[in-house]
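Whole structure, please, built from the sequences with the hints as guidance.
There are 2 protein chains.
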Amino acid sequence: MHTFLQHNPTKLYFGKGQIEYITKEIAKESRVLLVYGGGSIKRNGVYKEAIKQLNAIHATVFELAGVEPNPRLATVEKGVEICKEEGINYLLAVGGGSVIDCTKGISAAANYEGEAWDLFTQKAPIESALPFGTVLTLAATGSEMNPVSVITNWESKDKIGWSSSHVYPTFSILDPSYTLSVPQDQTVYGIVDSMSHALEHYFHRTPNTPMIDGFIESLLRTAMETGPNLVENPQSFEHRETMMYVSTTAFNGTLSNGTDGGDWATHRIEHALSAVYDIPHGGGLAVLFPNWLDHVLEEDPSRVKQLAVNVLGVSPEGKEEIEVAREGAKALRAFWNSIGAPNRLSDYSIDERHFKAIVEKTFIKPGVGTYKEMDHSSVLDILKRSL
Amino acid sequence: MHTFLQHNPTKLYFGKGQIEYITKEIAKESRVLLVYGGGSIKRNGVYKEAIKQLNAIHATVFELAGVEPNPRLATVEKGVEICKEEGINYLLAVGGGSVIDCTKGISAAANYEGEAWDLFTQKAPIESALPFGTVLTLAATGSEMNPVSVITNWESKDKIGWSSSHVYPTFSILDPSYTLSVPQDQTVYGIVDSMSHALEHYFHRTPNTPMIDGFIESLLRTAMETGPNLVENPQSFEHRETMMYVSTTAFNGTLSNGTDGGDWATHRIEHALSAVYDIPHGGGLAVLFPNWLDHVLEEDPSRVKQLAVNVLGVSPEGKEEIEVAREGAKALRAFWNSIGAPNRLSDYSIDERHFKAIVEKTFIKPGVGTYKEMDHSSVLDILKRSL
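Chains as they are written, first to last, in numbering that gives the first Met the number 0: chain C, 0 to 386; chain X, 0 to 386.
Honestly, the hints are just simulated from the structure, not real lab data. Take every hint as true, because none was put in to throw you off.
Calculated cross-link-like contacts (lysine to aspartate or glutamate; reagent style DMTMM-like; alpha-carbon spacing at most 20 Å): (1) X:K15 / C:D259; (2) X:K77 / X:E154; (3) X:K23 / C:E126; (4) X:K83 / X:E126; (5) C:K15 / X:D259; (6) C:K23 / C:E48; (7) C:K27 / C:E48; (8) C:K364 / C:E114; (9) C:K23 / X:E126; (10) X:K355 / X:D277; (11) C:K329 / C:E316; (12) X:K355 / X:D157.
Right, here's the structure in full:
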């Protein structure tokens with residue numbers, strides 16, 4: 000194991016009716032910026048619920064609506080402007096990972112005088128941030144309990160992941176009933192995204208981490224059991240509940256305690272891909288991840304084999320290690336396809352045309368991959384396998 | 000799942016050399032009460048290390064040495080007296096669970112004007128506590144990252160578990176190398192205690208908790224793989240490391256998120272038993288737990304069967320559910336015996352003589368058992384099975 004600090008400051012309120020804790024967490028008469036997306040929270044009643052709680056503490060509420068699925072720098076800047084003009088002292092994100100990521104961006108940049116983009120590209124350090132809470136309406140990214148955010152600069156077509164210990168949510172409300180109306184495609188992408196986070200954690204190279212490896216395997220098995228049931232019964236509170244807790248746990252630090260953190264190359268490639276094509280993040284991951292497995296197992300099949308046997312139901316009997324690993328990659332692709340995730344880049348009408356740009360954007364920050372360090376040709380290989 | 004709040008305020012610094020973080024966590028020139036046990040920390044160098052860090056922040060250090068294996072009220076009171084007389088503002092526990100539990104008692108009672116025992120028996124509410132950190136030297140109780148403590152009133156022979164959100168350690172240093180010199184019997188009791196905590200969590204009655212159930216099973220399998228290796232190679236840093244992280248995780252809240260918290264009847268019975276006989280807690284648990292399993296499976300074998308199959312390596316093929324469950328209880332007893340834990344009460348020369356008193360002390364607080372609610376006759380049955 001590596002040395003590590005285990006400490007997550009976010010208070011997670013999980014379960015039906017927990018939204019009431021907003022009134023305990025946000026100080027009376029705060030000046031709150033409410034951040035949300037395309038308006039689904041108005042249709043499903045969550046907006047009204049949140050406003051009710053904010054009224055109860057006599058908050059002065061400002062709004063930033065219309066945060067995009069891949070949240071954009073321009074929207075962050077709009078939020079920062081409101082914060083500065085209106086003296087906002089608390090942010091409340093109501094939505095999925097994109098809304099929360101955008102709120103993290105605003106919270107960091109509101110305390111900074113320069114360009115927000117400089118903070119996300121590490122040109123300037125993040126030294127403080129406005130406090131914020133979240134009300135989650137989509138089980139997917141885990142942003143509700145971690146210090147990570149992804150922001151897209153639409154002008155330069157750069158999508159960048161960044162993190163800072165200052166942007167942990169102070170609290171997050173996870174009420175599974177708020178996810179009952181999530182559309183089928185978003186539900187599927189959420190399952191893929193959560194599983195990808197667990198998979199990226201799994202591909203570390205730290206010796207002697209049996210318990211955490213077992214936790215990751217257990218989380219993945221739970222997602223594979225629950226995923227198909229949820230897709231068949233999207234109105235099931237129990238399945239929504241399971242996936243909501245799975246997705247938060249997949250990326251809140253639990254799965255990286257003592258490891259090198261895992262290999263996030265697939266996320267890096269997907270960010271580059273969806274910066275160029277604006278496709279859903281979960282869809283991009285579903286296409287890329289099995290091909291990343293196929294790429295790395297050629298060099299070292301051991302870990303993919305372990306995944307195949309312990310999680311993906313592949314029998315190792317009488318087979319070479321590499322054969323078992325290959326069947327594992329195939330089984331993961333088949334599983335995701337079975338719940339409705341895309342199979343190939345051509346499902347999005349994507350061809351080789353912009354591969355060079357995608358490869359370059361993958362390396363927008365140096366160091367891609369740790370289980371297997373990637374160079375330009377390995378990223379290109381994965382993209383080609385994904386055609 | 001039940002609704003729950005997931006938030007553990009303790010900062011866990013895990014790994015070699017982490018003791019240096021004392022200087023970041025305790026304010027300069029603090030007045031510190033250093034709490035420790037029988038002096039093993041002087042032999043293995045941990046005392047010297049801790050003092051070095053405290054000197055670096057120019058702390059004024061007072062000492063409370065000699066905390067007993069089952070820490071006593073009288074020792075807590077001695078600590079409280081020092082705190083009040085010397086204006087202590089920070090406590091540092093260096094030792095195992097007993098030292099930490101004693102420190103929790105001191106930290107709660109130092110801010111209280113009445114009798115300390117009233118706080119532990121819930122006659123008076125705990126409204127604040129002195130902050131404290133811990134340096135762990137024994138992997139067992141999990142006290143280093145939870146709000147729970149057990150104190151024995153030696154005059155009345157009552158041993159009571161209590162908890163308060165005010166007595167989470169502010170930080171805990173977990174350096175596995177500090178456990179390399181733990182004697183064999185303590186090592187074994189630590190394995191039993193950690194596994195018991197996980198087992199007690201496992202016996203909840205909350206539906207739809209597949210991921211957490213899987214986490215518990217994974218933790219138990221890790222303990223069963225590592226335990227025998229550690230007992231054979233007590234100088235192995237890697238095995239110490241694994242068991243140290245297992246024991247903290249077994250009782251830091253991770254395993255009860257969303258469940259009813261599990262069934263702690265065995266711990267309650269053991270506390271009564273070791274209040275009367277002053278035997279090692281882990282030894283008492285090793286005797287009692289398989290008999291608790293045998294007792295409850297007669298009524299409902301389903302969960303014991305699941306444990307038997309998923310953790311204890313029992314094959315269910317062609318067997319009745321109750322048969323598989325019985326083999327599970329037997330397998331747990333056999334495993335603990337194989338690493339050197341006691342088998343029966345007679346190993347401690349304990350007979351029926353004081354059973355009545357033990358049963359009564361088990362009910363010192365009302366409500367024993369949730370998976371199966373116990374009455375006096377069921378506790379007596381478990382004790383008789385343990386003879």
